[in-house]
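**Student:** So the chains spell out like this:
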Amino acid sequence: MRNMRWAVLAAAMTVSSALAVSSDSILVDGTSDAKHWQTVFTNEVPLRWNWAANAVRAELTIAGMTGTITTNFTQTVSNYVWRAFQTDVPSSEDVYDLTLNFFDNGEALVEAWTGRLAVVAGAFNSAAVDAVETSRTWPKVKTTAIIPYDAAWAGASNTVGPQVVIAKAGGAVQTNAFENTSGYYGWKLRNSGWGYGTFNLTLSFASVTNIYEAEVTRSLDGTAISVK
Amino acid sequence: MKTTMKAAMAVLAGSLALGAMADGATISDVVVRQRWPWSRLVDIDYVLTGEVGTKADVTIKGYDGQTALDLPLNAFSGDRYEVTPGFRKLVFDPLKTSYTNDPMTQFRVEISITNTPLYMVVDLTKPAGQEGQIEYVYPGDARLVTEGRYTNLWADVTNDVYKTDKLVLRHVSAGTFMMGSPDSELGRVSAWENQHQVTLTHDYFIAIYQMTQKQWEHITGTAPNCSWAGSSRPRDSVSYDNLRGVGCNWWASNSVVAAGSFLYKLRSVTGVDDFDLPTDAQFEYACRAGTTTALNNGTDLTNTVSDANLNLLGRYAGSGGATGGTAVVGSYLPNDWGIYDMHGNLWELCLDLVTTGLGTTPVTDPVGAKSGGPVTRTGRWANDAYWCRSACRNSTSTSDNGANIGFRVVRTLR
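As given, the protein sequences belong to chains C and U, one line each in that order. Under the numbering used here, read the first sequence as residues 1 to 228, first letter to last. Under the numbering used here, read the second sequence as residues 1 to 414, first letter to last.
Hints are computed from structural coordinates only; laboratory data are not their basis. Backbone N, C-alpha and C define an ideal beta-carbon position, used for all residues, glycine too. Among the clues, some could well be false.
[Said to hold, decoys possible] Which chain C residues face chain U? A few, computed with CB under 10 Å, are given here:
{"#": "1", "residue": "120"}
{"#": "2", "residue": "132"}
{"#": "3", "residue": "152"}
{"#": "4", "residue": "155"}
{"#": "5", "residue": "214"}
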């Protein structure tokens with residue numbers, strides 16, 4: 001698979017003239033200036049690609065934490081407007097894996113492109129910033145959580161191999177390794193078998209010793225316990 | 001982690017509108033996100049769009065909803081100065097603010113491109129981050145005058161308040177100049193003044209005056225004991241160790257200064273983490289202000305002891321220093337960039353440890369020696385004229401706090 005050459009074209013925000021939009025096309029092919037995944041700045045996300053040679057149909061899959069949509073293209077098209085969320089601003093954050101598979105007339109896969117998009121609150125208006133050491137909300141997790149990672153935080157110029165390990169106290173351990181040196185991990189808790197309890201999170205990078213640790217709690221009543 | 005979003009705010013609209021001020025460069029795609037759950041730091045991503053070669057400074061204003069926040073400069077790091085087009089990043093540390101009692105549920109920023117300010121004014125009577133604590137004066141400001149050899153000079157800055165309650169710094173653009181003196185210069189000390197090309201790659205602000213006694217008092221909370229007392233006179237009798245801390249020379253500690261040192265206190269009370277002493281090269285570049293002569297008004301000495309041109313520019317033995325000691329800062333004419341007292345009054349401490357022979361090879365951002373005493377520059381109240389030339393260098397020990405020693409501060413924009 002190779003990175004999908006998505007172009008997320010700027011689209012006018014429909015809600016308020018006060019909202020700004022991305023003024024340039026953002027090419028999602030690994031060569032963009034963006035260090036994080038491509039960030040969505042509008043609810044209507046124009047996607048663009050080059051139709052693969054010999055392909056007779058294509059299948060676009062957009063998989064987020066709360067659902068997956070699949071769209072089939074049976075004739076040569078090179079763009080598609082994806083409505084990422086219905087409201088003017090997103091009601092929750094999410095990250096999306098995009099896959100575009102091209103098939104020939106024998107249903108053989110001829111091209112497979114991927115991309116990643118992030119919908120984060122701070123790209124639209126504002127974000128919560130909690131600098132309160134005794135905060136009750138800081139260590140909480142609910143049904144989904146977006147966990148950022150960035151090799152640059154580790155203070156090394158050539159940091160590779162970031163991974164987030166999630167260990168439930170007395171329960172499952174999940175290791176999530178990333179190809180990108182920065183981006184987001186979408187942690188889906190609801191209906192994923194995690195249940196409730198305390199979770200120890202560790203962010204590490206293969207080439208440096210710096211690690212980040214956190215302890216968060218998911219509880220029925222949302223009561224925070226501690227964070228380190 | 002808050003995931004419910006509130007009403008749309010005009011986060012980027014302000015950035016775009018303000019950004020258009022600077023040669024068509026714009027800022028867009030601002031993303032704010034705290035590093036939950038790893039740390040309280042906040043990443044602020046943005047895109048600067050502009051023509052190739054564009055360099056812009058940006059300013060950041062923070063809000064919680066519609067409420068403007070008082071955020072000290074040292075709460076931000078990253079791509080603030082001389083920013084080139086592309087994807088850029090700032091890091092905001094909310095723990096360096098006073099907003100640690102309640103979460104900010106709707107934190108947002110306005111990033112704007114600024115025209116390069118000519119002056120930075122720090123009100124030493126106000127705490128870091130307070131409205132009006134730091135002011136920038138831009139080209140076109142009604143207070144600036146253009147007259148004779150001066151362009152955009154802030155003439156009223158000689159009012160006493162700017163020598164006592166406020167700290168005024170002049171912006172100096174990065175550039176290349178010839179450091180040292182030509183063989184033909186009258187009064188030259190050849191072993192110390194090899195003429196060579198120096199390139200400084202970073203803009204900086206440099207105080208237009210030597211640090212005064214009242215400014216020192218505002219910053220440290222203690223009136224200094226000086227040989228030549230006066231609130232607007234320069235702070236004399238101060239050592240490199242007093243300013244940076246024992247053992248905290250540039251090679252040993254880089255920009256880190258010791259807790260309790262003057263620069264530590266200055267950084268704390270102003271919220272500006274990058275105040276320091278000027279480097280040897282920064283001092284001379286600012287002193288010369290584009291001139292290549294012995295004095296920064298474009299003249300050379302006609303006499304090594306007493307010189308009519310130097311009489312206009314600074315305090316030395318021939319202009320009253322022999323009997324009167326130091327002068328109130330700003331008593332003489334500034335150079336073309338509006339910087340005062342770069343000739344005489346007090347030997348000024350530099351950040352570098354001294355290298356006597358500078359060589360003739362072009363250098364970039366020179367850093368001095370790894371050991372020894374600091375460089376001092378351009379003479380004092382009791383010196384003959386030749387000690388006060390733009391190229392004149394000297395040195396002392398890090399502990400020397402004699403009546404000959406003073407300093408001014410710089411803020412290098414990185």
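**Student:** Against this structure, judge whether each hint is valid.
**Tutor:** Hints, verified against the model:
1. 120: Nearest chain U Cβ about 6 Å off; hint holds.
2. 132: 6 Å, holds
3. 152: 8 Å, holds
4. 155: 12 Å, violated
5. 214: 4 Å, holds
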